[in-house]
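4 protein chains.
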Amino acid sequence: MIERYSRAEMVKIWEPANKFKIWFEIEAHACDALAKQGVIPKKAAQAIWEKGNKEYTLERIRRIEAIEEETRHDVIAFLTELAEHIGDEARYVHKGMTSSDVLDTCMALQMKQSSDLILANINTLMCILRKRAEETKLTPIMGRSHGIHAEPLTMGLKFARYYKEFSRNQKRLLIAKDEISTCAISGAVGTFSSIDPKVEGYVASKLGLAPEPISTQIIPRDRHAYFFATLGVIASSVENLATEIRHMQRTEVREVQEYFSPNQKGSSAMPHKRNPILSENLTGLARLVRAAVIPALENVALWHERDISHSSVERVIAPDTLITLDFALVRLSKILEGLIILPNNMLTNLNAFRGIHDTQRVLLYLVEKGVSREKAYKIVQRNAMKVWESIEAGDMYKGHIDAPLERKVESITNKNCLTYFLTQDEELRELITVSELESLLNKESLSYYIKWVDFIFQRVFPK
Amino acid sequence: MIERYSRAEMVKIWEPANKFKIWFEIEAHACDALAKQGVIPKKAAQAIWEKGNKEYTLERIRRIEAIEEETRHDVIAFLTELAEHIGDEARYVHKGMTSSDVLDTCMALQMKQSSDLILANINTLMCILRKRAEETKLTPIMGRSHGIHAEPLTMGLKFARYYKEFSRNQKRLLIAKDEISTCAISGAVGTFSSIDPKVEGYVASKLGLAPEPISTQIIPRDRHAYFFATLGVIASSVENLATEIRHMQRTEVREVQEYFSPNQKGSSAMPHKRNPILSENLTGLARLVRAAVIPALENVALWHERDISHSSVERVIAPDTLITLDFALVRLSKILEGLIILPNNMLTNLNAFRGIHDTQRVLLYLVEKGVSREKAYKIVQRNAMKVWESIEAGDMYKGHIDAPLERKVESITNKNCLTYFLTQDEELRELITVSELESLLNKESLSYYIKWVDFIFQRVFPK
Amino acid sequence: MIERYSRAEMVKIWEPANKFKIWFEIEAHACDALAKQGVIPKKAAQAIWEKGNKEYTLERIRRIEAIEEETRHDVIAFLTELAEHIGDEARYVHKGMTSSDVLDTCMALQMKQSSDLILANINTLMCILRKRAEETKLTPIMGRSHGIHAEPLTMGLKFARYYKEFSRNQKRLLIAKDEISTCAISGAVGTFSSIDPKVEGYVASKLGLAPEPISTQIIPRDRHAYFFATLGVIASSVENLATEIRHMQRTEVREVQEYFSPNQKGSSAMPHKRNPILSENLTGLARLVRAAVIPALENVALWHERDISHSSVERVIAPDTLITLDFALVRLSKILEGLIILPNNMLTNLNAFRGIHDTQRVLLYLVEKGVSREKAYKIVQRNAMKVWESIEAGDMYKGHIDAPLERKVESITNKNCLTYFLTQDEELRELITVSELESLLNKESLSYYIKWVDFIFQRVFPK
Amino acid sequence: MIERYSRAEMVKIWEPANKFKIWFEIEAHACDALAKQGVIPKKAAQAIWEKGNKEYTLERIRRIEAIEEETRHDVIAFLTELAEHIGDEARYVHKGMTSSDVLDTCMALQMKQSSDLILANINTLMCILRKRAEETKLTPIMGRSHGIHAEPLTMGLKFARYYKEFSRNQKRLLIAKDEISTCAISGAVGTFSSIDPKVEGYVASKLGLAPEPISTQIIPRDRHAYFFATLGVIASSVENLATEIRHMQRTEVREVQEYFSPNQKGSSAMPHKRNPILSENLTGLARLVRAAVIPALENVALWHERDISHSSVERVIAPDTLITLDFALVRLSKILEGLIILPNNMLTNLNAFRGIHDTQRVLLYLVEKGVSREKAYKIVQRNAMKVWESIEAGDMYKGHIDAPLERKVESITNKNCLTYFLTQDEELRELITVSELESLLNKESLSYYIKWVDFIFQRVFPK
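Chains as they are written, first to last, in this note's numbering: chain C, 1 to 463; chain P, 1 to 463; chain L, 1 to 463; chain W, 1 to 463.
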C-alpha cells in the first residue's frame, strides 16, 4: 500500500488505533461472558470496560510497541499496556484465551468492515454504470472481436455488461464476506480447554460475527484464501473495464475520453498529450490485487494446529489489497462518471469499413434462399475481402468522409462498399437480384443489429 | 495433464468425442428452436437429429481435424464434416449463430459435468473424513503450533476440521458450478442480431444451463476466473491435509502411515524406506491446480467484444486442472481410507515432554488464586524451561520409557517432569501447596483437554 | 501440453523413449566408471552396453509400466526390465546409486536438449527480426505512448527493439541452461556413501554436464526455479511482441496484418473477418508458460534432504512449458516472416492528427528563445488541444484525405492543423513570427524524428 | 512494505528524498552534457548545480506534492519546484528529455543501490553459513528424504549446501543487477528526436550505469521482470533454509533451536513455548517477495512505445520487494548466527531406528557377493520392515535409551535392531555368515557415510 493509492476511510480500518480498539472489545466482551458464567467477578468485567475503554492514542500505541520490543509478542504487549490502565483486575483479561483468538477475530472484523466499504464502492459503480448504460442505450458503436470490426452494437450494451459483471462480483463478495466473518475464542489448539465455548458465542454475537464451528489455534485459512481469491476476481473485472476504456481512447479509435482537468499535464515533453492514465493505472493496480491470491492460497496449508508463516503475509496483503482495491473501485467510478462519450467518432468508425460488417446478413439470406452454407460463405468472403483490400490501399477513411455528422450506415453507397462488390459478383447475381441485395442491406441496417437491446436491458437491470 | 495423474471418468468429459457430441446437441437443439419459430423447416430439424446424431468415432474426429488443417477454424471444420452426414439440410445448421455460441456453451457444460464429478469426490472424501473422525474421536494426540508441542487434542478433531474445510469447499464449488453453468447463443457480438433469444432459452433449458443474461461474442470470463479460483482454494485444502499427513508420518513423529502395499518399494537404494509419497504427490498436484488461477484471472480482461487470448489458456487449463484435481481428491480419499493410525505413538509423543503442556492450567490456576498474570507467567515459564532444558541434554524420551503401552498422562511422575520442577520452585510454594498442584495436574489431565469434543462434533457434523 | 500447441522435435525429447535411453546411458556410463575403479568387473560393464543398449520400443515401455504398476517405483521398474535383457550382470547396474541420481541427471539433460532447441528458435527469430528491421528501417510510423500518438519513429526501430529484447533472452537462457546442466550421482543423501565421486565426474563428462558441487538426494531446485523463471521472462517477451502486432492489426490502426491463407476462415458467422488469431494465441500461450514460474519457485523449499512434492509438478511443467514455449517461438517467427506491412496506412495514421505530435519541437524552440518552460508549455498545450478538440468533432481523418499515397508530413497545411492554430495565438505571435514557426515545423519534419536511426541500429545490431 | 519488516538502510533508498536527489542529479548531469555540446549555456549548467543541489527536505517534498496535486504529473511538479530555486536558468532543465528518462534512470539507480545492499547481505549470510558449516563439519545427523530417515550425513553438509545455493543466488543477482543498471535519455519515443545521444552516454557514465541500447519512451520491462524473477528465486532459497530450521526445531526432532531471548514470550497462553517464529516469519516473507514475480512479468507487454500500467505496480513492488528481501536476509543471518545446535539430539535421532539406515550397505554387499539385486532387495527389505514394525509397537525410542550421550551407532546391539533381524533370516544366513554381517555393520558405521565430507567441502568452499 502506498499513500498515493489509498483512501482514508479504508486506511483507518487497518490502523493500529482501530486494531487495538477491536482487541480491547474482544477481551472486554469475553470478560462479560466469563462474568456471566461466574468464572470471573462481575465487578472485574465492569472495571475492564470502565478503565480500559479509552481511545488508542499515538502515545498508547508507542507504549505497546515498546513493550513488544522486549517481549517479542504483540498480544502480550497489548495486555501489559492495558493492565497499566486497569490495575489489579487486569489479571482476569484474556483468561483461557490464546493470542490468536484475539488476532484472528480482529482480522475477521477488519475484513468484514473492509468488505462493507468495497461493497458500497461496487454499489456506487453499478449505479454509475446503469446511468451511463441508459444514457447510451441506443448509441451505435462497432462491435469488435480480435480487435477487428465485427457487427455493431450499442455503447449502452457495453456499460450494461460491466454492470452485470459487477453485480456478479457483488454477490461473490457478499459470499466471501460471510465466509470470513467468524469469531474463534477456542484456546491454544481449538479445544476450549480453558474457556467455555459460550464465551465465543457471546463475543461473536456482540461483534456481528458467527462462531467458527471448528478452529485450531486459528481460524482456518481456506476462508482467507477464498476471500483474497474473490478480490482477485473483482480486480480482474476492474482491469477488464479499464482495458476497454484504454482501447476506446486510443488515438485511432477515440470513442471515449477520460476527463482531463484544465491544469492537468499529459506529458512533460509533449504538451499535446491526453492520456488515459487513470485507466492504465487501474490495470496496474489490478495486477497488485491479483498478486495476493497466490500467497493467500499458499497460506492454507499450515503445520498441524497452526504455524505462523501466514502472519507476515497477511499483515501485508490484508491492508494492502483491500486499500488498493477500494482505491481502484472509487477511481473507476470517477472515471466512468466523467467519461466523455464521443458518439460521432463511434459512428465514423462504425462506417469506416463500408458495410463489411453486413456479411453475415448476406450469408444467412443466401442460406435461406437454398444456397449451401459453404458456397454462400465463399461468395460473401471473397467480396468482403475486396472491400478489405481496397482499404489496405491506404484510403481507409474515404467512404464516409463527406457525410454530415449525423450520417447513418444506410448512406454508404460509394463504389468501394460491400454492396457494390456484391452486386458485381457474377455467381451471386445468378442467385439473387441487385435490388434484393440493396433492399436487404440498405434498409434500417443499424436497427437490424440493435433490435434486442430492450430485451437485454430487461434481463440485466432489475426493476 | 498426464496420464499418470488422471482418471478415465474425468478424461472422458474432455475428449473430442464428448466435445463434438455436445456441439452437435447444441446445434440440433438450436435447430429445433428455430423450427418452432418457423425460421427453418421442421423437417430439416428432424433430419439433423436423424442423420447427424451419431457417435463421434476416431474416424470422424480425424476427418474434422483434416478439415480444420485447411480452414484453420474448428467450428467450421465440425460443421463441414457434419454436413457430409446430413446433406442438403445442413445449411440450416448454425443459422444465425457464431462459433463461440457453440464453444462457450459446450465448455460450460463440460465444466458443469466436471464439477459434478468433483462434487462427488468431495462427498466421498467427507464421508471418509467423518468415519475416521468418529473412529478417533477420543484418540489423544499432542496439538502443535509452530511445530512445537502446545496442548493435547484428539485425532478425531483433526479429521473433523478437514471435514468442515471440505464442506466449505463443497459449498464454494456448488456456487462456482452454478455461476459457470450458462448458455450463450447470442450471435457475433451478443446482440442476437441474426437469432432470436428464444433459441438461447430453449437450448439452455435442454442442456440444464441458464441463459447468459448478457454476453458479447462470448460468455464473460469473470465466471471462469471465479471457477478456477475456487478450484485453487480446493487444491490448497488438499495440500493442507496432505501436509498434515506428511508431518505425522515423518520418522520422529510416526503417528500415522500411508498404506504401503506388500510389493511396493520405497527407494531403489534403501530397502527400509516407507515414504508418504502419495501425500507428497498431492502437495505437488495442488501447486499445479493453483497455477491455473493467475492465467484464469488474466483471461478476464479481453479486448472489446472478445479477443481470443483466453482460448489457448482454457484449452489447457480447463481439462488439466479439472483432471488433476479430480485425481488428487480421489487419491486423497484413498490415502485417508487406508491411513494407518498409530495411537500408541501419539500417546508416546504426547508424553514425551513430561507434562510441559500443562503450563496454561497452572497459569490460569494462579491467576484465579489472585496472582497477577505477569507474575504467574514468569513462574510457570521458568519451570517449563527447566523441563525443556533437561530434555535438551539429550535424554528427551526418558520420561516414559518404562511405561506400559497403555500408559496415561497421569503416570508421569519422574523428577524431570513439570510437576517436579514446579514443586521445587520456592516462589510458587509460597502461593500454592504441593498437594494443590499435584491434584491440579495429575487428575484426569487428558480429559481436561478433550471435554468439549462432543460439543465440537455436534457443531461440525450434521445429524 | 496439447498436440495443437506442440512440435514433434520438442515432444520427442520428453517422450518415454528418450527418457529411458538417457536413463540407460547414465547407468551404463556409471558402470564403465565403476569398472575402471575395479568395483565391478569390466566384462559386466561391457555386457551392459552390449545387451542393454537397444531402442526403447513401445513394447519395452509398456513392460516397464506394468512393472511400475506393482512396485510403485519407476526406476526400479526400469531396472527390472533392463535386467531381463542383460541377465546376471544386471546386478551391477545402479550399484551405489539412488533413483534420483538417474532421474535428476536425466531431467538435466532433457532440459539442456530443450534449451538448445529454444535457443535455436530464438536465433531464428532474431534473424527474422533483423531482416524485417532492415527492410523497414526508415518506414515512418507514429510512436504511441498510452495508446495516444506521441512522436514518429520507424517500423524498423520497433523490430530492432524486439531483436534486442530477444538477444537479452538468448543470453538469459544460456545462463539458465548452464545452471541446469549438472549431473548428480551422489547416492541416497548426497554423501557418496556407496559410490565414488569419480563416477559422477565420469558420467557428467560423457553427457556434457557439470558435476553438481553439492547435492542432497537430488539436485537443488533453485536451479530449476531459475530456469523456469527465465522461461517466464521469455514468454513475456513473446507476449510483448504479440501484443504489438495485435494492436497494429486492429481495424482502426491496420498497419500490419498477419498472413491469411487463401482457404482460411476468420469467423463462422462473419465471412469478412481477418483476425490476428496467431498473435492472440501467443498471448495466451505466454500466460501458460508464466504459470509454471510460481510452482517452480514453490518447489525450491523441500524438506530436509528432499521431499518428492516437486516431482509431480516437474513431470507436468518441464515438458509442457518447454513444448509450449518452443511452439510459441516458432509460431512467432512464422508470423513475423509472413507479416504484411502496410506503410501507407502507417503514414495515414501518422498524419491523422495534423502535426499535433510536433508540440515538443515548438516547446523547445520557445525555451531556446528565452521563454520559460512553464509559459511555453501552456501556449503549446492550449493550441494542441484545439487541434484535438476539432478532431473530436468527428472529422478526424479529414486532414489528409485527398493527399496522394506518398503524401508527407510537410503537406499538412489545412486550417485545423497545429501550425494553423499556433499562428493564430496572439501571445505566441508576440514571441515568434509566423514564418519562423512555419520554417520550424514544415521543413523535413519527419527527418527530425528519425535522424538517429542509424546510430541506434549500430548499437543494436552486431557487425 | 510495513515498518515491522524493514531496515532503515534499504528504506532510505526508496524515500522521496533519495528519489528527488537522483532526479536532480540526472537533470543536472544532462545539463552539463548539453552545455558541453553548446546546446545550453555553460553558465546555466553551473547555476543549476549551484542553486539546485540542495537536500530534499520534508518541506520541499510537501511543496512538490502540492504542485503534483494540480498538474497530476510528478516530474512536472518536481521541475516546477526546482525552478523556484534556480530561477530563470531553470528553463534549460529537462531540455529535450521526457519524464521517463528521469523516472526510469532513477529507478535503475535505486535498484542498483538496492542490489548492492542485498549482495552485501548475501555475502554476510554466506560467511555465517561457512562458519557454521566448518563448526559442524563432522557433526553427524540423520539424513531424511520424504521426512523419513534415509542415511546419515553431517550438519556441516547442510550448511554447506545452503552456502552453495546462496553463492548461486549471488551470481544471479549480479547478473540481474547488471541487466537493470541502464540509463535511458532518449526522449519521447526513444528516437533522441530532441536530444543528442551523447547526453545519455554522459549521464550514464556519471551515474555508473550503461546506456540503454534501444529504448522506447521507457527502458524495456523485460529487464525488470528478470530482476524481480531473480529476487523470487532468492526468496525461495530463504524459504528453503527457513523450512529446514523449522523442521529441525519441531519438538519431536529438536536438533536446532532459534535463539530465544530471556524476556521473550512464546505464547500468551502457554508459558512453555519456544517457537521458531523467525524462520516461520521468513517463510511468509518469501511468499511476499515471490508475489511480485507475476506482476513484474505482466508488466513486460506494454502497448506500443509504452503504456503506464507498469508504473503503479513498480511503485509498490520495487520498494516493497527489495525492503522485504533485505529484511529477510538480515534476519536469516541473525537466526543462523544465534542458532543453537543440539548435537546430542541429532545423535539420538540418528540412532532411534536401530541401524535401519544401513540397509543399502547390506544390499550392496549381497550384490557384490553375487546375489541378484532383486533377491537381495527383498531380503533386506523384509528385515528392515521388522525393525520398522517393532517400532510401530510404541517403543520407538527404546534401543538407545541407556546409552551414554556419546553413544555411537556401533553400540546398538539389542535384539530389535537391524543386525539382529538379519542374523535371524534363514535365507540370508545361507548367503553370508553372522560374523560377516556384524563386521560389515558394526565397524565404523558412521565413518562409512561421511568419508567424502572433506571432498565435498573442497568443492563447495573456495580457498
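Misleading hints may appear alongside valid ones.
Pairs count within a copy or across copies, as identical chains cannot be separated in the list.
Said to hold, decoys possible - No more than 25 angstroms apart at the CA atoms, straight line, and that leaves these computed lysine to any residue pairs for SDA-like: (1) Lys-42 x Arg-459; (2) Lys-386 x Gln-264; (3) Lys-206 x Glu-9; (4) Lys-12 x Ala-66; (5) Lys-12 x Leu-446; (6) Lys-112 x Ser-167; (7) Lys-51 x Arg-4; (8) Lys-375 x Arg-60.
These aren't lab readings, by the way, just hints derived from the structure by calculation.
Keep in mind that this is a model prediction, so the values were computed, not measured.
Status of the hints after comparison with the structure:
Taking the closest pair of Cα atoms, Lys-42 and Arg-459 never come within 25 angstroms of each other, the shortest separation being 58 angstroms inside a single copy and 29 angstroms across copies. In the homo-oligomer, the alpha carbons of Lys-386 and Gln-264 lie at most 25 angstroms apart only across protomers (15 angstroms), although the nearest pairing inside one protomer, at 45 angstroms, exceeds that limit. Taking CA atoms no more than 25 angstroms apart as the test, Lys-206 paired with Glu-9 passes inside one copy only; the shortest distance there is 23 angstroms, against 45 angstroms between copies. Taking identical chains as interchangeable, the C-alpha atoms of Lys-12 and Ala-66 lie at most 25 angstroms apart whether they share a chain (22 angstroms) or sit on different chains (23 angstroms).
Within a single copy, Lys-12 and Leu-446 get their C-alpha atoms no closer than 51 angstroms, and across copies no closer than 44 angstroms, so neither meets the 25 angstroms cut-off. Taking the closest pair of Cα atoms, Lys-112 and Ser-167 come within 25 angstroms of each other both inside a single copy (19 angstroms) and across two copies (22 angstroms). In this assembly of identical chains, the alpha carbons of Lys-51 and Arg-4 never lie at most 25 angstroms apart, being 38 angstroms within a copy and 29 angstroms across copies at closest. When the C-alpha separation of Lys-375 and Arg-60 is checked against a cutoff of 25 angstroms, the pair qualifies only between copies, where the shortest distance is 22 angstroms, while the shortest distance within a copy is 82 angstroms.
In terms of the numbered hints stated before, the structure departs from hints 1, 5 and 7, listed from lowest to highest.
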